[in-house]
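K.L.:
These are the residues of each chain, in order.
Number of protein chains: 2
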Amino acid sequence: MIAVLDCTLRDGGYINDWSFSKLAINKIIDKLVESNIDIVECGYLSQSKGKKGDSSLYPTIDDITPILNNIRNNDTKFACMINFGEYRIQDIPDQGHSKLHLIRLAFHKKDLHDAISYASLLIRKGYEVYLQPMVTMAYSDADIMELVEASNKIHPQAVYIVDSFGTLTNADIKHYTTLLHNNLEHDIALGFHSHNNLQLALSNSVYFIDLVKNWRSLIVDSSVFGIGRGAGNLCTELITRHLMGKKMGNYNVQPLLEIMDEYLLPLYVRHPWGYSAAYYLSAICKCHPNYATYLLSKQTLQVRSIENILSLIPASERLQYNLKLIDDLYLNYQTTSIDDSNTLESLKSKLEMQNILVIASGRSISIECEKINSYINREKPIIISVNFIPKNIEVDYLFISNRKRFDMLNHFPSNQTIITSNIIDRSPDCLSVNYNKLLNQSPVISDNSGLMLLSLLKKIGVKNIVLAGFDGYSENSTENYCEDRLIFAIQDKNYTLLKNEEISSILSEFGKTLNIQYITKSAYCKLYMRQK
Amino acid sequence: MIAVLDCTLRDGGYINDWSFSKLAINKIIDKLVESNIDIVECGYLSQSKGKKGDSSLYPTIDDITPILNNIRNNDTKFACMINFGEYRIQDIPDQGHSKLHLIRLAFHKKDLHDAISYASLLIRKGYEVYLQPMVTMAYSDADIMELVEASNKIHPQAVYIVDSFGTLTNADIKHYTTLLHNNLEHDIALGFHSHNNLQLALSNSVYFIDLVKNWRSLIVDSSVFGIGRGAGNLCTELITRHLMGKKMGNYNVQPLLEIMDEYLLPLYVRHPWGYSAAYYLSAICKCHPNYATYLLSKQTLQVRSIENILSLIPASERLQYNLKLIDDLYLNYQTTSIDDSNTLESLKSKLEMQNILVIASGRSISIECEKINSYINREKPIIISVNFIPKNIEVDYLFISNRKRFDMLNHFPSNQTIITSNIIDRSPDCLSVNYNKLLNQSPVISDNSGLMLLSLLKKIGVKNIVLAGFDGYSENSTENYCEDRLIFAIQDKNYTLLKNEEISSILSEFGKTLNIQYITKSAYCKLYMRQK
Numbered sequence: 001m002i003a004v005l006d007c008t009l010r011d012g013g014y015i016n017d018w019s020f021s022k023l024a025i026n027k028i029i030d031k032l033v034e035s036n037i038d039i040v041e042c043g044y045l046s047q048s049k050g051k052k053g054d055s056s057l058y059p060t061i062d063d064i065t066p067i068l069n070n071i072r073n074n075d076t077k078f079a080c081m082i083n084f085g086e087y088r089i090q091d092i093p094d095q096g097h098s099k100l101h102l103i104r105l106a107f108h109k110k111d112l113h114d115a116i117s118y119a120s121l122l123i124r125k126g127y128e129v130y131l132q133p134m135v136t137m138a139y140s141d142a143d144i145m146e147l148v149e150a151s152n153k154i155h156p157q158a159v160y161i162v163d164s165f166g167t168l169t170n171a172d173i174k175h176y177t178t179l180l181h182n183n184l185e186h187d188i189a190l191g192f193h194s195h196n197n198l199q200l201a202l203s204n205s206v207y208f209i210d211l212v213k214n215w216r217s218l219i220v221d222s223s224v225f226g227i228g229r230g231a232g233n234l235c236t237e238l239i240t241r242h243l244m245g246k247k248m249g250n251y252n253v254q255p256l257l258e259i260m261d262e263y264l265l266p267l268y269v270r271h272p273w274g275y276s277a278a279y280y281l282s283a284i285c286k287c288h289p290n291y292a293t294y295l296l297s298k299q300t301l302q303v304r305s306i307e308n309i310l311s312l313i314p315a316s317e318r319l320q321y322n323l324k325l326i327d328d329l330y331l332n333y334q335t336t337s338i339d340d341s342n343t344l345e346s347l348k349s350k351l352e353m354q355n356i357l358v359i360a361s362g363r364s365i366s367i368e369c370e371k372i373n374s375y376i377n378r379e380k381p382i383i384i385s386v387n388f389i390p391k392n393i394e395v396d397y398l399f400i401s402n403r404k405r406f407d408m409l410n411h412f413p414s415n416q417t418i419i420t421s422n423i424i425d426r427s428p429d430c431l432s433v434n435y436n437k438l439l440n441q442s443p444v445i446s447d448n449s450g451l452m453l454l455s456l457l458k459k460i461g462v463k464n465i466v467l468a469g470f471d472g473y474s475e476n477s478t479e480n481y482c483e484d485r486l487i488f489a490i491q492d493k494n495y496t497l498l499k500n501e502e503i504s505s506i507l508s509e510f511g512k513t514l515n516i517q518y519i520t521k522s523a524y525c526k527l528y529m530r531q532k
Numbered sequence: 001m002i003a004v005l006d007c008t009l010r011d012g013g014y015i016n017d018w019s020f021s022k023l024a025i026n027k028i029i030d031k032l033v034e035s036n037i038d039i040v041e042c043g044y045l046s047q048s049k050g051k052k053g054d055s056s057l058y059p060t061i062d063d064i065t066p067i068l069n070n071i072r073n074n075d076t077k078f079a080c081m082i083n084f085g086e087y088r089i090q091d092i093p094d095q096g097h098s099k100l101h102l103i104r105l106a107f108h109k110k111d112l113h114d115a116i117s118y119a120s121l122l123i124r125k126g127y128e129v130y131l132q133p134m135v136t137m138a139y140s141d142a143d144i145m146e147l148v149e150a151s152n153k154i155h156p157q158a159v160y161i162v163d164s165f166g167t168l169t170n171a172d173i174k175h176y177t178t179l180l181h182n183n184l185e186h187d188i189a190l191g192f193h194s195h196n197n198l199q200l201a202l203s204n205s206v207y208f209i210d211l212v213k214n215w216r217s218l219i220v221d222s223s224v225f226g227i228g229r230g231a232g233n234l235c236t237e238l239i240t241r242h243l244m245g246k247k248m249g250n251y252n253v254q255p256l257l258e259i260m261d262e263y264l265l266p267l268y269v270r271h272p273w274g275y276s277a278a279y280y281l282s283a284i285c286k287c288h289p290n291y292a293t294y295l296l297s298k299q300t301l302q303v304r305s306i307e308n309i310l311s312l313i314p315a316s317e318r319l320q321y322n323l324k325l326i327d328d329l330y331l332n333y334q335t336t337s338i339d340d341s342n343t344l345e346s347l348k349s350k351l352e353m354q355n356i357l358v359i360a361s362g363r364s365i366s367i368e369c370e371k372i373n374s375y376i377n378r379e380k381p382i383i384i385s386v387n388f389i390p391k392n393i394e395v396d397y398l399f400i401s402n403r404k405r406f407d408m409l410n411h412f413p414s415n416q417t418i419i420t421s422n423i424i425d426r427s428p429d430c431l432s433v434n435y436n437k438l439l440n441q442s443p444v445i446s447d448n449s450g451l452m453l454l455s456l457l458k459k460i461g462v463k464n465i466v467l468a469g470f471d472g473y474s475e476n477s478t479e480n481y482c483e484d485r486l487i488f489a490i491q492d493k494n495y496t497l498l499k500n501e502e503i504s505s506i507l508s509e510f511g512k513t514l515n516i517q518y519i520t521k522s523a524y525c526k527l528y529m530r531q532k
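Going down the list, the protein sequences come from chains A and B. Numbering follows UniProt numbering, in which position 499 of the first sequence is assigned residue number 499; successive positions increment by one, without gaps. Numbering follows UniProt numbering, in which position 480 of the second sequence is assigned residue number 480; successive positions increment by one, without gaps.
Honestly, the hints are just simulated from the structure, not real lab data. Glycine is no exception: its CB is placed at the ideal position from the N, C-alpha and C atoms. Hints are all accurate, no fakes.
Taking lysine-lysine pairs in the DSSO-like style, the calculated list, with each CA pair at most 30 Å apart, reads:
1. A:Lys-247 x B:Lys-286
2. A:Lys-246 x B:Lys-246
3. B:Lys-493 x A:Lys-499
4. B:Lys-247 x A:Lys-213
5. A:Lys-499 x B:Lys-521
6. A:Lys-246 x B:Lys-213
Computed footprint of chain B on chain A, listed as stretches where at least three residues anywhere in the stretch have a Cβ under 8 Å from a Cβ of chain B:
7. 249 to 259
8. 302 to 308
In silico negatives: residues of chain A with every beta carbon more than 10 Å from chain B:
9. Tyr-14
10. Ile-61
11. His-101
12. Asn-322
13. Ile-393
14. Leu-439
15. Lys-521
The following block holds chain A by itself, in its conformation from the complex (with noise of 0.2 Å):
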């Protein structure tokens, strides 16, 4: 028997934080029952991050019981999964006649045994237990072995293969099936949850199945449209359709659609998940994807460079994301020192008592650009660009500080480029500023390429700076930039109004020893005049 598992509120939690309505909970299980699906995972519980309320987090099984008291049909089963760590054991109720039959316990290796015993007590009261060994490529063949020989201890309903970044090759998945199968008792059923980080999750999936389905009792995860974490997951819709063209399940599609078209589609088009370069990287670099989440989030580098910090984790590192390992990697990597002295001489002797226009890329700088030509005719500034060379506009020189730019550049006289010491295939005859010298403390915008400009103006003992084009990151990232080919990515909400603030708060700091002044449209200069 193949069933369908859909961990639609739960894996799809991921991306607005599990704050499903109580309302959208109970129409997306309704019509996940009425579309037929095996399994229907309802969420979290979770007595350490559970909320009362809009949330599929449960703080209590009593939160979810009541909502599946209504459902009518009596095929579909009700599944919730639990982080192995998160809920006391002495708390769990009881089965009994609830309709909630199954837990899905998930686990870190080195949790092993710990969770196995914590399985058993599940199962003596009274609930079936699925067992989730998170990314499963992380066990050797003889932690396999031991997974097997705990669980026919205490005999669950099912044990998983978790690809959990995607990464999986249909030889991988032969070799751990193989595995399982030739090893686990004959009546534990087999699960496989997969990810679309390489756009193998349906053909992985089908692949899983169609290697032991004569044999032993199988469960495929699956999400509507794909919703979850990094990548996604394997779509409802695509699985069940496949399912029902071989004739191994009868399923709806409909209902499917309709969760996705009036409850998915809303969250989507604030934070998109799919297939895309990062989860690309991470999952041919076999790293958590949150890596290279966070390599393209600064916007400074090419994919060259990435994939080349991504091969300077160490693999005992790559499994588990760790923040601080990677901005060390990120900063060392874009950090190599130089003698800078003269150069700031020079730069201090011509721009030190002179007005400054900085110009960055903003788009208020083809929208006000007569604003700007006014006061260039006007007050004669020296005029420094960052990253970019204007159309209309002639600069006296050009600040470059992120490589990713730098690349994209035209010809411009080296003996009036200013270049920090990280892009390393600068010509000699730039202006090379020590990279590291120019960063500010905050780790989300510490490489801002137009605050390390005012960082070296500062240094250098100039006064008077006017800005122009720094207009704020906006949700819409399609309104960024002056020009269409300066817009990398598609930036979540948060981060950018997280960025704005970091940005004028250090603006403002700048302001106590600068006189800083505006010309164009900015957010940061109405944050900073409330902060001020």
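Add chain B to chain A, keeping to what the hints say.
P.N.:
The following block gives chain B in isolation, referenced to the frame of chain A:
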């Protein structure tokens, strides 16, 4: 031998109207060569549509060859595609020693024999020719045999299976492959062009390769990041990685990621492609994706209704897009005539002499709520909301003509609900009015709910109308509504602008007989003032 043909510049052009800059075309081709792709398709060749300069729609072969002359690598083949009928054969020069080796000829089934004659002349001019029978699923076995027979006579380099709508299953692929393989001359290669509507592009291509790889030369089409019409293509970075894993090719993935990063992500931000409800639906209904796109863009239908309407398209019309047909089907589906004379009479007596405040669901409702409340307190208007129940404003009537919004509504008194006849499951106590009598003439916004209500108010003799929440559509769909749950979809920018213009122009028509005022910010108001 298995060859990968990258069609980024050709099929990807559907996303940006082929307006790749000369520089971008050069760089993309360079990087594809660097990644060791076997065949690089440079774009379309078209006398009718080609453009000089920054475009991958070339008016002559001489516009392509200079790009290729700087390339040193001699292993890569270069191709372009001609849509049969878009280039006079006498205007194509002999191949000679040009670097453009290969022409792909795409044609519809009805043109099979004319296309074959054309192909034979191309072969005589010295080109390698690939035959691309579009929508191969439209070919019966007899049609395929006709294609085979004609092909064997002129001996092209390759014949393709083209899965235009991404609907082919493994069984279909096996069928077509077997038929072609068994009957085509052994030295004609077999090609497969997939689409990703059902996320099957990769697994179908792998399946295709495994079927006959030991007996015949094969070609698979792909594009970087899957860029292409509709749900997009097979990803070049995925198929090359797969082939390397199987020791069936020697590629370099990094340059592909650089193409994605530097040239394609900026396009994706504006015009995303990939798996979506629309393309899933068109695939399962085996029809041209534009039909589903059209119905989804209305944002008035539940998926259930969309599937119903798609199923009404006659089989003979499914494979080529017919705008008139789908528009008629849509309006017929929405229209159900009723006798509404009593309802209109009763509404007239209650509303005719009153000031009416109409509340639509724009974001301004929440931002400018104080302004609205102070207007209400001052003027005591009759308040009618459109398609939603505002959170903090008590309305006298709810007007509803959008069946998707209807399904999202909470309870509201039937005798205060004005409802159009397209919503057939309305309660009999509602104030029902004829749907088709309220439509306007613009196909883009013929059934816009706000305009339908104005049309109704005009009909019953109302004179004074104040509008709130008529913000206009923003390019950024997350900014459109006062509540997030009202966002249905990401909209194309041009379509958004067009809708705003059409609505403004109809509002300005209303303005000739009605006294219309805006109390909240509105894009229509601006456009309306300009038109006045």
